[in-house]
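**Student:** Single-letter residue listing:
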Amino acid sequence: MRNFSGRALFLDRSDINTDEIIPAKYLTGFAKEELKPHLLEDLQMEEFNPQLDVQGSSVIISRSNFGCGSSREHAPWALEVNGIYLVIAKSFARIFRQNMFNCGMMAVELDPRTIDHVFSVFSGPGTRIVTDLTQNIFKIAGNDQTAEIPFTISSFDRALVAAGGWVEYADAKY
Amino acid sequence: MGKTIAEKIFDAHCVDNPSDDVYVLKLDVVLCHEITTPIAINDLISRGKDRIFDTTKIKAVIDHVSPAKDSDTAMQGKILREWARRHHIEDFFDIGRNGVCHALFPEKGFARPGFTIIMGDSHTCTHGAFGAFAAGVGTTDLEVGILKGVCAFQYPKTIKINITGNLAEGVYAKDVILSIISRLGVNGATNKVMEFTGPVVEKMSMASRMTLCNMAIEAGGTSGICHPDMTTVEYLWKFIQDDFSTRDDALNAYRQFTSDPDAAYDTVIDHDVSRLEPQVTFGFKPDQVKPVKEMSKIKVDQVYIGSCTNGRLEDLWVAAEVLKGEKISDSVRGIVSPATSDVYKQAMEEGILKIFSDAGFCITNPTCGACLGMSNGVLAEGEVCASTTNRNFYGRMGKGGTVHLMSPATAAASAITGHITNSKLYKG
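Protein sequence lines correspond, in order, to chains A and B. Quick note on our numbering: the first sequence kicks off at 1 and runs consecutively. Quick note on our numbering: the second sequence kicks off at 1 and runs consecutively.
The following block holds chain B by itself, in its conformation from the complex (with noise of 0.2 Å):
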């Protein structure tokens, strides 16, 4: 019987099975920010355990609240700031270098095919986009992986979501992955890993693969998962071309962990997306999808474009496609905030930013903070929110406040018009 990739990368990192299905993993990336590690990091000193099992293993970040909005934030920040410095940990990001956790790791190479990665945050599951098993964990499971590199897992059972047939223009990742949610329901992965195949997938860039899996925990998911290929490769390759002599050699070693033709898997579903139109949340939970053109009557306050789902530079640029040239409604407060330092850099050279900002788009750094409702774009009572992000739950971005989630482009146009608006992007 074959193997699917996680139970690939479980048998190559399991250090130890106490009970049943339970497998105790050897990590290869700790990630951690500065929500959820000063708590771990206090509690180890309390323990008299202050210490790390590798330091090249734990990769830190300032993002939930960056820059910090009052004295509890700025003692997260200097907590995990000294930690970093007194344990000598090299990878780690403070303002002005930092970007949101799940779009800053990836791109300084940190998400490998065959790794297992864990951080203090359910969006883990994102770093799947290139072949790992990656997961988010609650404080003592990331403490534990700082002090001891191991994390205990049920053995994964595996729902293959083979994605098919060919998206219309002006559709994206974005709306392909609100569609498999809304048809798997808020629980219908719980502790399963989603691998996401198929030639859609294939065509898809990193960036996509990310927002793909960056979903997967709003399904219930432990960890998205997609195939290695050239795709994966080519986003690596400046990191690792010291390690292989040629890209096809980099390719022929991460084989290795894609799953066999006859693996066994939990279910598999056909998702044919050929007719699926721009989709956008409604009510207060994830799978509560509609197309847009069925929500067009419903007004918006704030549009936000960012977050670890759709902070991008890919993302950046559609939306600033439909902004070009348009100003956005009086009624409507725009912001964008680019992932990352870089994908910032990037979006000012290439003049996206200015195209943001001629839109009546206001520019913020690289945050999560919108997103969960603690800095940068909190909603008050009775606001709508246009939103790039990956929960709508409600109070998610302020109490009271109200989040529709949609694509980048849908957020853009939506912000024009000043209700939920397909773009122009697309045609149907």
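Excised from the complex, chain A in its bound form (with noise of 0.2 Å):
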């Protein structure tokens, strides 16, 4: 299983799309490890830097419907070889929240109050994460302040996640 933890990046703003994680122009490739350098960039947001911001992150953090649009799996591929496993967002679109959990990877939804909250306390270069599978619980330090925030994931979701991904789990079970 990944690693789910390390630095936080947050992305303040809702329906970040496939095209802004990843431009389409990136997807004649064939090696994952291609589309590093292009995170992010075509995400136009104020103090936003891609080549500056994306390196070290772990974590996304960002508002609703994040991955909506194309259903590219680069958009995952691109988080997964930045070493960025996990995004947690207010929602997210179906085709990319399905990737994530396909690729062994997780997208996690949390209510928009704790969202809203996360974003007012935690935002800034400095904050990291640790995800703790076991009890399902963030624990978020940053900015002097810290907390354990719970979360959910489905049995599905968590066996994919423990699988690998959805083609090691469908070829052994269909």
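Among the hints, a few may not be true.
What the hints assert, rightly or not - Looking from chain B toward chain A, a few residues come up when the C-beta cut is under 10 Å (computed):
no. : residue
1   : Lys69
2   : Met119
3   : His123
4   : Val150
To be verified - Covered stretches of chain B, going by a simulated chain A footprint (3 or more residues, C-beta under 8 Å):
no. : segment
5   : 10-22
6   : 39-50
7   : 181-192
No lab work stands behind these hints: they were computed from the structure. A quick note: this is a predicted structure, and the numbers were derived from the prediction, not measured. Note that the Cβ used here is the ideal one computed from N, Cα and C, for glycine as well.
Reconstruct the complex from the two isolated chains, following the hints.
**Tutor:** As structure tokens, this is what we get:
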């Protein structure tokens, strides 16, 4: 199983789409590693610099409808090759969310009030998250504050994460 | 309690229920194109599982970058082509016989009422126009679909969108779906099926129903879906005439895939289109929609007519009606891409392509290229495109470019004037 802990990157906008996560012009390659320098390249946000901000981040925290648009699994792959295996958001587009778990990664929804709280208290470059998958708790620390935030994932999603993704799970079962 | 179409399809295809509301469905068709499939093929090979669950249920096309624009896209085509040959996939459509997947595969009769369909492409929801459950998926879901013929989905909640009233002349399915997305928002239908029903849909052609269902994903919807009726049967008749003795028999068989009157919907929306004007997007999200007349100051550099949303013959007819005897503005580059080889041929035979050419349009082969900024009409930084496609995301058709989504009629009229313009077909 992967490590779902590390430094958090806060993306304070809703509807971040998969064209912004990885533009279509990079969909012609064959190695996931080629996607690495282009993650979030077309995301236009104040005080966001993809080259500087992505490096060293392990978790993305965002608002609603993260990963909308194209079905491209290159979006989770671009996260994966940058060492980002966990996205926490208010809500996800269906295909993106499924693609994350299908790759053995996690896309976890938190209720709106909790997400608002996390942004208002912890937003900043020094915040770290430790994911405890046995107790279903995110331990978050930053800006001289700490919090323990419970989360839920379904038994099916958990099985996909444990199996390392949907191909292994489905091939063993069907 | 009655059931919705989507629920009936789920019940008829469920092979496992691994947790809560997750259903693993048996697939009737797995559609493939050269952008998302080659990586699945390579992964299957690397796992020692280069197999296919049923070659008759796999349909493949090279459409996104066709002809190939460089060595990488040539290799993507090559991997898909060789895989199709190796596995004796009969329904493989290469350049010259190809088309934009969501226009081509329905044209070949592969979308049927009651089917489960997946593809590694978000606009797979288009095929729901035939009363199918059709969903876009990622490469891993596609890979498992190819290998095992199954895919997992949440049991469907359905939004019923009852489209009522009378569409004004010069107002089209594209205007209707833009108005619906504007009403629901870009995640208003996330994890839900959008069932389009009501008198306006009943009067629509299959092409118009496909335009509606095509953009379900732009509201976050898993699949669009329409009730199969005699229009569906007529469209499919040449493919199904050996299976049924009469059209009525076919319709009766397909009626099992209509929603029961007492079906439980997540939401029911009445959407009256009697006063609907031609619509156009502003900004960078498909739910940012205004009447065309409020956007008439916007100048355009390029007009693109094509795509899985609006590249069918019916769309080209409408655009040609606007363009007939006219010249496009000197400041505009006009590009038309008939969505499939058959659409191209018919448009040529009917003289439609000549109208486009006489007006000053460039006619390209069928391909998805421009819509997602890959080839055949990429925008430069700061340019504006009036487009019949489905996504106006920032940079979608080229880094730094702006896209305004609209109907073929509005796009054609905008090409003539050089700014966003209502067509002469709209009398409002």
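**Student:** Taking the hints in turn, state whether each one holds.
**Tutor:** Against the structure, the hints come out as follows:
no.: 1; hint: Lys69; in the structure: holds (9 Å)
no.: 2; hint: Met119; in the structure: holds (8 Å)
no.: 3; hint: His123; in the structure: holds (9 Å)
no.: 4; hint: Val150; in the structure: holds (5 Å)
no.: 5; hint: 10-22; in the structure: holds (count 6)
no.: 6; hint: 39-50; in the structure: holds (count 5)
no.: 7; hint: 181-192; in the structure: holds (count 4)
Every hint, counting from the list given before, is met by this structure.
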